[in-house]
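Participant: The lines below spell out each chain.
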Amino acid sequence: MVLTGPVIPPGWFPRWLKPVVFLAALSPLLWFALRVVLMRSGDPVGVNPIETAIRFSGDQALILLLVSLAVTPLRRLTGWAGVMRLRRMLGLFAFFYAALHVLLYAGVDQLFDWAAVWADVLKRRYITVGMVAFLILLALAVTSPQKMVRAIGGKRWRRLHALVYAAAPLAVLHYAMMVKADLRTPLVYAAVAACLLLIRLRRSETRPS
Amino acid sequence: MMLLRHRRSWDLQERDTTPEALWASRRSFLRGGAALLGGASLMPSLSATAATGPAGGGLADPGPAAGGTPLAGVTPRPDLAAADPLTPWDAVTTYNNFYEFGTAKEDPARRAKGFVTEPWTVTVDGDVARPGSYDLGRLLMGIGLEERIYRMRCVEGWSMVIPWVGVPLAEVLKRVEPTADAKYVRFETLNDPKRMPGQAWRVLDWPYVEGLRLDEAMHPLTLLATGVYGRSLPPQNGAPLRLVVPWKYGFKSVKSIVRISLVREMPRTSWAAQAPQEYGFYANVNPQVDHPRWSQAKERRIGDFLRRDTLMFNGYAESVAGLYSGLDLRKWY
Numbered sequence: 009m010v011l012t013g014p015v016i017p018p019g020w021f022p023r024w025l026k027p028v029v030f031l032a033a034l035s036p037l038l039w040f041a042l043r044v045v046l047m048r049s050g051d052p053v054g055v056n057p058i059e060t061a062i063r064f065s066g067d068q069a070l071i072l073l074l075v076s077l078a079v080t081p082l083r084r085l086t087g088w089a090g091v092m093r094l095r096r097m098l099g100l101f102a103f104f105y106a107a108l109h110v111l112l113y114a115g116v117d118q119l120f121d122w123a124a125v126w127a128d129v130l131k132r133r134y135i136t137v138g139m140v141a142f143l144i145l146l147a148l149a150v151t152s153p154q155k156m157v158r159a160i161g162g163k164r165w166r167r168l169h170a171l172v173y174a175a176a177p178l179a180v181l182h183y184a185m186m187v188k189a190d191l192r193t194p195l196v197y198a199a200v201a202a203c204l205l206l207i208r209l210r211r212s213e214t215r216p217s
Numbered sequence: 114m115m116l117l118r119h120r121r122s123w124d125l126q127e128r129d130t131t132p133e134a135l136w137a138s139r140r141s142f143l144r145g146g147a148a149l150l151g152g153a154s155l156m157p158s159l160s161a162t163a164a165t166g167p168a169g170g171g172l173a174d175p176g177p178a179a180g181g182t183p184l185a186g187v188t189p190r191p192d193l194a195a196a197d198p199l200t201p202w203d204a205v206t207t208y209n210n211f212y213e214f215g216t217a218k219e220d221p222a223r224r225a226k227g228f229v230t231e232p233w234t235v236t237v238d239g240d241v242a243r244p245g246s247y248d249l250g251r252l253l254m255g256i257g258l259e260e261r262i263y264r265m266r267c268v269e270g271w272s273m274v275i276p277w278v279g280v281p282l283a284e285v286l287k288r289v290e291p292t293a294d295a296k297y298v299r300f301e302t303l304n305d306p307k308r309m310p311g312q313a314w315r316v317l318d319w320p321y322v323e324g325l326r327l328d329e330a331m332h333p334l335t336l337l338a339t340g341v342y343g344r345s346l347p348p349q350n351g352a353p354l355r356l357v358v359p360w361k362y363g364f365k366s367v368k369s370i371v372r373i374s375l376v377r378e379m380p381r382t383s384w385a386a387q388a389p390q391e392y393g394f395y396a397n398v399n400p401q402v403d404h405p406r407w408s409q410a411k412e413r414r415i416g417d418f419l420r421r422d423t424l425m426f427n428g429y430a431e432s433v434a435g436l437y438s439g440l441d442l443r444k445w446y
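So the protein sequences, as listed, match chains A and B.
If you count by the working numbering, then the first sequence holds residues 9 to 217, one letter each, in order.
If you count by the working numbering, then the second sequence holds residues 114 to 446, one letter each, in order.
Treat the hints as calculated values from the structure; they're not laboratory data.
Honestly, I wouldn't trust all of these hints.
[Unchecked claim] Think about it this way: if two alpha-carbon atoms lie no more than 25 Å apart in a straight line, the pair counts; the simulated SDA-like pairs of lysine to any residue are:
id, chain 1, residue 1, chain 2, residue 2
1, B, K411, B, S432
2, B, K411, A, L108
3, A, K188, B, E219
Isolated chain A, as found in the complex:
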């Protein structure tokens, strides 16, 4: 797995990179908005908009979560240290889509009927699992600013943010538990998540202490 030399210079980080990645992470939302405007016949967004929006935001949250988990392995594999400067933004985008997902469910689907939402969280196991994953992302998002890192202390902060390794499998599990019969997409997510987590395991075993 060790490449002979850095593929990308470690310090490479052009000024346009962050805005471009920002737009790329936002583009699914823009695409969804466009689908709403175009209202093409046959697009489920026109038939069952609420469910389509909930599914869509959940998918994006999962994808961004996995992308943010790919940052560190990418640095290790390519030697490109600059990629680390994208990690917080990608993680916050994962939280953004997850928050949209939860808000659409609690607000639009359940009309902020918190009693009903709470009953769902307790009774429906896939919602319990999803909610735990979301609360983890919420905690990580709240503690993401530099100021918070300093306030908490680097070591403790890192320990707290290691919770993302639980959030990702929980989010995939939430999806898999919700599906009626076709497990193909959740299994793809699960495979990607497993790779991204296993790379880390191997790495930490071989790393000198």
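Take the given structure of chain A and dock chain B to it, following the hints.
Facilitator: Okay, now just chain B, sitting in the frame of chain A:
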């Protein structure tokens, strides 16, 4: 002589023949609601967008662009019509659960295009006096087509109101003469991965199998549909022949039927086999018995923003509750 008409809960009423303008406003409401989800700033441009509903008045013909052929000699049955505005043709024909053509809602409309349904043979076997492989046209020949507007409640929690065209299943069964041993009817969907690309993946144990108790099958509400909105069924809706059992969850209404068997034992049906703790043989719409993963108390009618209460037996209790007297509906879900 005085004509007495007993109004049943599912009777069509004066206000129920939805004028097209109303469909149109529903449609634009839908757009508006969706726009709110996608981005509120888009609202003004949307409100000006011309709405499209099925053309014409009354039970509108969606037009030749819709595909299929108009069906002639259809007798409307307003006495059996649901008292609800129709779900637009577009939604009925693009938002489908038909795993034989893929598991996403939009898959069947796209991937069933060009699905050939002629010739179509239906095999009738089991405990019948007249078994055989019947050409579909011959099997239904002489039985008058009826139009029936039924509510359709999906087990997933959404619902539609659909103007089906078809024949009472009872008429077809009488034709093949079930014997005294027949207790259940078993239906089988076509199993042909070359024509049904979704079958390349074993999401379900193909072929799709559904079943009814014989008295459910003989019930006058139970329909074998060959059309919708006055036209022959589009492939994504189960062409050329599908079951419609309006008081049961949608998955009972098996599509593209190639075999009808009269049997003695309760058939092993596809979803009940796939997840027995979630789907039963009966699958009667019942707001009091939850699916393990979601509540069945409410449903979202396609086109509506708010959920509405789900009705016992999907609103057909008056007509069908008698079939289940003495049956524990919690146990036999």
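Participant: Now, for every hint given, state plainly whether the structure supports it.
Facilitator: Here is how each hint holds up against the structure:
1. B/K411 with B/S432: This hinted pair holds, its Cα atoms lying about 21 Å apart.
2. B/K411 with A/L108: Distance ~23 Å between B/K411 and A/L108 Cα, so the pair holds.
3. A/K188 with B/E219: Answer holds: A/K188 to B/E219 is near 16 Å, not above 25 Å.
Of the hints listed earlier, there is not a single one the structure fails to meet.
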